[in-house]
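S.K.: If you read the protein sequences in the order shown, they are chains A and B.
Note that the numbering used here gives residue 150 to position 150 of the first sequence, counting from 1, and the numbers run on in steps of one.
Note that the numbering used here gives residue 226 to position 226 of the second sequence, counting from 1, and the numbers run on in steps of one.
Each hint should be verified, as a subset may be incorrect.
Stated by the list, open to error - The calculated DMTMM-like cross-link candidates involving lysine to aspartate or glutamate, where the alpha carbons are at most 25 angstroms apart (straight line), are:
hint	chain 1	residue 1	chain 2	residue 2
1	B	Lys63	A	Glu80
2	B	Lys46	B	Asp65
3	B	Lys200	A	Glu288
4	B	Lys92	A	Glu96
5	A	Lys125	A	Glu67
6	A	Lys129	A	Glu160
7	A	Lys212	B	Asp65
8	B	Lys92	A	Glu119
9	B	Lys46	B	Asp250
10	A	Lys74	B	Glu112
11	B	Lys229	A	Glu288
12	B	Lys92	A	Asp252
13	A	Lys134	A	Asp30
14	B	Lys84	A	Glu159
15	A	Lys211	B	Glu156
16	A	Lys204	B	Glu53
17	B	Lys2	B	Glu156
18	B	Lys200	B	Asp183
19	B	Lys84	B	Glu53
20	A	Lys212	B	Glu112
21	B	Lys200	A	Glu53
22	B	Lys207	A	Asp252
23	B	Lys46	A	Asp233
24	A	Lys248	B	Glu53
To be verified - Far from chain A, some chain B residues (derived; all Cβ distances over 10 angstroms):
hint	residue
25	Gly12
26	Gln28
27	Ala38
28	Glu53
29	Lys63
30	Val102
31	Arg124
32	Leu184
33	Gly228
34	Arg235
35	Gly238
36	Phe264
No lab work stands behind these hints: they were computed from the structure.
C-beta atoms are modelled at their ideal positions from N, C-alpha and C, and glycine is treated no differently.
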Amino acid sequence: MIISIASGKGGTGKTTVAVNLALTLSESEDIQLLDCDVEEPNAHLFLRPEIKESYPVTIPVPVIDEEKCDHCGKCSQFCEFNALAVLESGVMVFEELCHGCGGCGIVCPKNAITERNREIGQIEKGFAKNYADKNLAFALGRLNIGEAMASPLIRKVKEEIDRGKTAILDVPPGTSCPVIESIYGSDCCLLVTEPTPFGLYDLKLAVGLLKKLGIPFGIVINRSTGEKDGDRDVEEYCRKEKAPVLMKIPYDRQIAELYSKGVPFIEEMLGWKKEFLNLLARVREIVE
Amino acid sequence: MKQLTIISGKGGTGKTTIAVSFASLAKQKVLADCDVDAPDMHLILKPRIIKSEEFRGSKRAVKNDDLCTDCGRCEAECRYGAIKDLRIDPIKCEGCGVCVQVCPTHAISLRENISGCAFISETRYGPMAHARLNIAEEASGKLVSVVRENAKQLAEKHKKSLIIIDGPPGIGCPVIASLTGVDLALIVTEPTLSGIHDLKRIYGVAKHFRIRSLVCINKHDLNEENTGKIEDYCRESGIEVVGKILFDQDVTRAMIAARPFVEFSQGNAASEIERVWRRIEKIFL
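Just chain B, same shape as in the assembly (with noise of 0.2 angstroms):
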């Protein structure tokens, strides 16, 4: 089984527009949407969920204040700043546990939180992992573990050969987690000053967990001469440009009737598209 995740660093280059269009081109695939922070994978993919999972990621300090004595130990010793004049501010609080043991009288505990939910579902293109982080919870990273390890099963149950991911934006927890491990890393750039920084911090990241990476730029008219820049980068750096994919009107069409955006459209954009994948199979299938 091969895992394929497809990272950005940036926001908002296409990772989904083109992870949707791989779903549809790809055979024998279990589709996995990484991005637990802010999913969109399922707008276009409208899976239908056959298993649903609570998801305990985080815990916070609960304090019984008929036991507290105000001797402000806990607040002495909280080193994030989550405890001010004897009140735990939820938001604050990581869960540690240094509180509850610093705390002479037996006062505050630690509660398992509800952070969220990991779903396994069936599509039109197979079966998909998925998740929902709830509102101002944390433990993203975690969430997107759970959503690697039920994709595996997934993959192993059905005898799918790939895993096709979308990654979050960024490069911390939620994006180590969601290549660490995985065999090819598509990175989609886009020709600005931002696209080329962001690019080659994601490609540290993906080096530093060494992971071969391919890199595609999306929108690449935008900016012929930032597009020359990444392809300089991307030349010394020893990264094949495996796709120029030309900025269109038609992906927020696709999007807005929610399609794939190699299904909707046959323009020059989607043909390119679908050039990369065809690559990537040959590289990697």
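Isolated chain A (complex conformation) (with noise of 0.2 angstroms):
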């Protein structure tokens, strides 16, 4: 089973739904975590793994024999990202532009485009030890600075899911192409929000996605500050979107201040692993 985390807004609370429920559930059952914000992966500073295995991930982009192109024009015109420019003095690569689909390759008529790998990020693997000593494996994708392009690297991270196990992802905020890329296919997706007018917005958007590509979800409600009180408007929506609020976290100072110092909270807060654990129980639930 592949349960993502996802919100919309960002900061809603996503990597601690994910590690706090990872490492409840480690406890008795084999668990993966996969951390896809490759942008700014954050679950690896709560975790922290023994990374084991680490490899760079790379996109195929063109290299252009000079000797051999005349300078048609036929590649940059098939190119549907602008990456590249045929000028008098040459061909221009703009590597960042580059998706690596190889069709500039395909439809020169000199043969003069072979490819290289360019390297965009890397793939981190390892283990990460619940207090009970048991194993949880843990996988993140990490983007190299300045790069552009997040999903063929969120790919690679996704090649890692180890079919036996449990995986749960902790997916990029908003709700555009990484978004996309890192919950398609899965079989749950956990909405995390937050009780106010930005959260709701951007929880509403999220929902439109996942009604869009047909994955069934629920929301869980962080900081919440009771139903008179912050929850009734986000409450509301979800009833009347047929959305099932899982769970609920409490706001709460203990909760924020185990965060800020990179610790899971159920591993001071003992009495939540029995809320991680009918949180699973609510998804399988969902996805039966």
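Once you've looked at the hints, go ahead and assemble the two chains, each given alone in its own frame, into the complex.
M.R.: In structure tokens:
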């Protein structure tokens, strides 16, 4: 089973839910946590995994053989991403715009285009220990500074999914390409929101996305201030949309302080394990 | 004309709260919401849309099954795994056109998508450029560039000397599109391990594009030790810390009241944001 944790708005508590859920579940089953937020991966700050293996992720970019090239311009006409410009003096390749589709090589009538691999980031893999001393498999992607394209790296992180385990995916914020790349193929997506107008607005965008992709989902309200107070609007919306609220994490100074120190709060607030086990049970109901 | 982008790396550190406060404090400005993925500025600024323009940012391959001979070349050449059992998955399709090129019977074509809408609006704080990305659409970086261009035109037309840009979280394509060519980046961080980690990466991006950065620490009282670490890091890296804002629950109340925080509250946090603005004004304008 693949469970992804997404949000729309940033900073609502995706990583908190992903890490605490993974740690709780890893006491009783094989769990894998994959950090798909390759622009700003944070889960490792809480899990402190031992990294056993890391490797670069590359995308193929064109290399022009100027001896063979007759500057016909077919490659730049073909490229949908404006990654090539053919000038009289030669061909310019804007590597950071290249999506690595290979089309320029196919259209070149002179066979003047080959490819080289350009690094865009790295994957790190390893294990985190929970305090029952059981292993939790871990992988993250880390986009290199200055790189624009997160999606190819996210695709690679997802190739690390071990179908024999329950995989928990920490997803980047937002609603566009990197989010779609991350959540596509999940059995269930948990949307973490906060009971504020920004949180609610961005939740609506995320719900729209999940409905369009046909992924079953449930809502986690973080920094909950209670039904009568701030939660009312979110809960009303969820009722109307038939989006089940699966869990509420209260607004709590202790949780915020533990977060700031990189401590998963279930390690200090043991009672919450039961809540995360319940959360998984509710997820299973949704998937079935 | 000067451009200021408010960014953070990590989401939820307070970019929009600070950006709309600046909207209230600054004179002679145009506002731009470049978080087109999850735009929130309009919830406070309540723009009145004057002009909206369809945005066609991406293309998708479409196959005419009557012409298809099931040869499978498209599937073999697609590097995105977007064609399976001769069916095109529009979610995985990058719109590169390789399948169109290799199809021997011309059964596949690229179709332009309406991926969203770019808006030019009026607010009580001045002109605003913003956008909406349609559900499950891509190319948010390109849409950010459209918003930036609209903001520039607004500034020229209305003779405004400043563009205040609310940026998206992360460090990838839409962030780069929000940052390139601006005069100053204000990085909003928070004293958490995630906040510090993400600050370093976004500062790396700003430096990579040679953009001057300032740092503002939001909710600094949440963890004073980490606040100290951020200050040390900034000192070592030669970045000025222009403000330290106390955690304040009125931030949410101001949001609910749909008012800029600095107008809603007279507390310490609000006056610190005002002080940050004065400092930026002095450095920059």
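S.K.: Next step is simple, just say for each hint if it's right about the structure.
M.R.: Results for each hint:
1. For the suggested pair Lys63 of chain B and Glu80 of chain A, the alpha carbons sit about 18 angstroms apart, so the restraint of at most 25 angstroms is met.
2. The straight-line distance between the Cα atoms of Lys46 of chain B and Asp65 of chain B is roughly 47 angstroms, outside the 25 angstroms bound, and the hint therefore fails.
3. Distance check on the hinted pair: Lys200 of chain B and Glu288 of chain A sit about 42 angstroms apart at the alpha-carbon level, beyond 25 angstroms; violated.
4. For the proposed pair Lys92 of chain B and Glu96 of chain A, the alpha carbon gap of about 20 angstroms is at most 25 angstroms, so the pair holds.
5. Taken as a hint, the Lys125 of chain A and Glu67 of chain A pair is broken in the structure, with Cα atoms around 43 angstroms apart against an allowance of 25 angstroms.
6. Under the criterion of a C-alpha separation no larger than 25 angstroms, the hint pairing Lys129 of chain A with Glu160 of chain A is consistent with the structure, at around 19 angstroms.
7. Taking the CA atoms of Lys212 of chain A and Asp65 of chain B, the gap is about 24 angstroms. The hint holds against a cut of 25 angstroms.
8. Between Lys92 of chain B and Glu119 of chain A the alpha-carbon distance is near 22 angstroms, which keeps this suggested pair within the 25 angstroms criterion.
9. Restraint check for Lys46 of chain B and Asp250 of chain B: the C-alpha separation of about 20 angstroms stays at or below 25 angstroms, so the hint holds.
10. Using a Cα cut-off of 25 angstroms, the hinted pair Lys74 of chain A and Glu112 of chain B holds, with the two alpha carbons roughly 21 angstroms apart.
11. Distance restraint check for Lys229 of chain B and Glu288 of chain A: the Cα-Cα separation of roughly 47 angstroms exceeds the 25 angstroms cut-off, and the hinted pair is therefore not satisfied.
12. Of the pairs offered as hints, the one joining Lys92 of chain B and Asp252 of chain A is violated, with about 40 angstroms between alpha carbons and a cut-off of 25 angstroms exceeded.
13. Between Lys134 of chain A and Asp30 of chain A, the direct Cα distance comes to roughly 9 angstroms. Compliance with the 25 angstroms bound is thereby established for this hinted pair.
14. Of the pairs offered as hints, the one joining Lys84 of chain B and Glu159 of chain A holds, with about 17 angstroms between alpha carbons and a cut-off of 25 angstroms not exceeded.
15. Proximity of Lys211 of chain A to Glu156 of chain B is assessed by CA-CA distance (about 41 angstroms); at most 25 angstroms being required, the pair is judged violated.
16. Using a Cα cut-off of 25 angstroms, the hinted pair Lys204 of chain A and Glu53 of chain B holds, with the two alpha carbons roughly 23 angstroms apart.
17. Under the criterion of a C-alpha separation no larger than 25 angstroms, the hint pairing Lys2 of chain B with Glu156 of chain B is consistent with the structure, at around 11 angstroms.
18. Taking the CA atoms of Lys200 of chain B and Asp183 of chain B, the gap is about 19 angstroms. The hint holds against a cut of 25 angstroms.
19. For the suggested pair Lys84 of chain B and Glu53 of chain B, the alpha carbons sit about 35 angstroms apart, so the restraint of at most 25 angstroms is broken.
20. Only pairs whose Cα atoms come within 25 angstroms are accepted, and Lys212 of chain A paired with Glu112 of chain B is accepted, the gap being roughly 19 angstroms.
21. For the suggested pair Lys200 of chain B and Glu53 of chain A, the alpha carbons sit about 24 angstroms apart, so the restraint of at most 25 angstroms is met.
22. Taking the CA atoms of Lys207 of chain B and Asp252 of chain A, the gap is about 36 angstroms. The hint is violated against a cut of 25 angstroms.
23. A threshold of 25 angstroms between alpha carbons decides the hint, and for Lys46 of chain B with Asp233 of chain A the separation of about 19 angstroms falls inside it, so the pair holds.
24. Restraint check: the Cα-Cα separation between Lys248 of chain A and Glu53 of chain B comes to about 40 angstroms, which exceeds 25 angstroms; the hinted pair is violated.
25. With a least beta-carbon separation of about 1 angstroms from chain A, Gly12 of chain B fails to lie farther than 10 angstroms from that chain, contradicting its non-interface assignment.
26. Chain A leaves Gln28 of chain B outside its interface by the beta-carbon criterion, the shortest separation being 27 angstroms against a cut-off of 10 angstroms.
27. Not every Cβ of chain A is farther than 10 angstroms from the Cβ of Ala38 of chain B; the closest lies at roughly 4 angstroms, contradicting the non-interface assignment.
28. Non-interface status of Glu53 of chain B relative to chain A is upheld: no Cβ of that chain comes within 10 angstroms, the nearest being about 19 angstroms off.
29. For Lys63 of chain B, the requirement that its beta carbon stay farther than 10 angstroms from each beta carbon of chain A is met, with the minimum near 17 angstroms.
30. Chain A draws Val102 of chain B into its interface by the beta-carbon criterion, the shortest separation being 7 angstroms against a cut-off of 10 angstroms.
31. Listed as outside the interface, Arg124 of chain B is consistent with that label: its C-beta sits roughly 18 angstroms from the nearest C-beta of chain A, beyond the 10 angstroms cut-off.
32. Distance to chain A confirms Leu184 of chain B as a non-interface residue, since its nearest Cβ pair spans about 19 angstroms, more than 10 angstroms.
33. The non-interface label for Gly228 of chain B is consistent with chain A: the shortest C-beta to C-beta separation is roughly 13 angstroms, beyond 10 angstroms.
34. Remark: the non-interface label on Arg235 of chain B is consistent with the geometry, its nearest Cβ contact in chain A lying 21 angstroms away (cut-off 10 angstroms).
35. Listed as outside the interface, Gly238 of chain B is consistent with that label: its C-beta sits roughly 18 angstroms from the nearest C-beta of chain A, beyond the 10 angstroms cut-off.
36. Here Phe264 of chain B stays apart from chain A, with its beta-carbon at least about 13 angstroms from theirs, past the 10 angstroms limit.
Consistency note: the structure conflicts with the earlier hints numbered 2, 3, 5, 11, 12, 15, 19, 22, 24, 25, 27 and 30.
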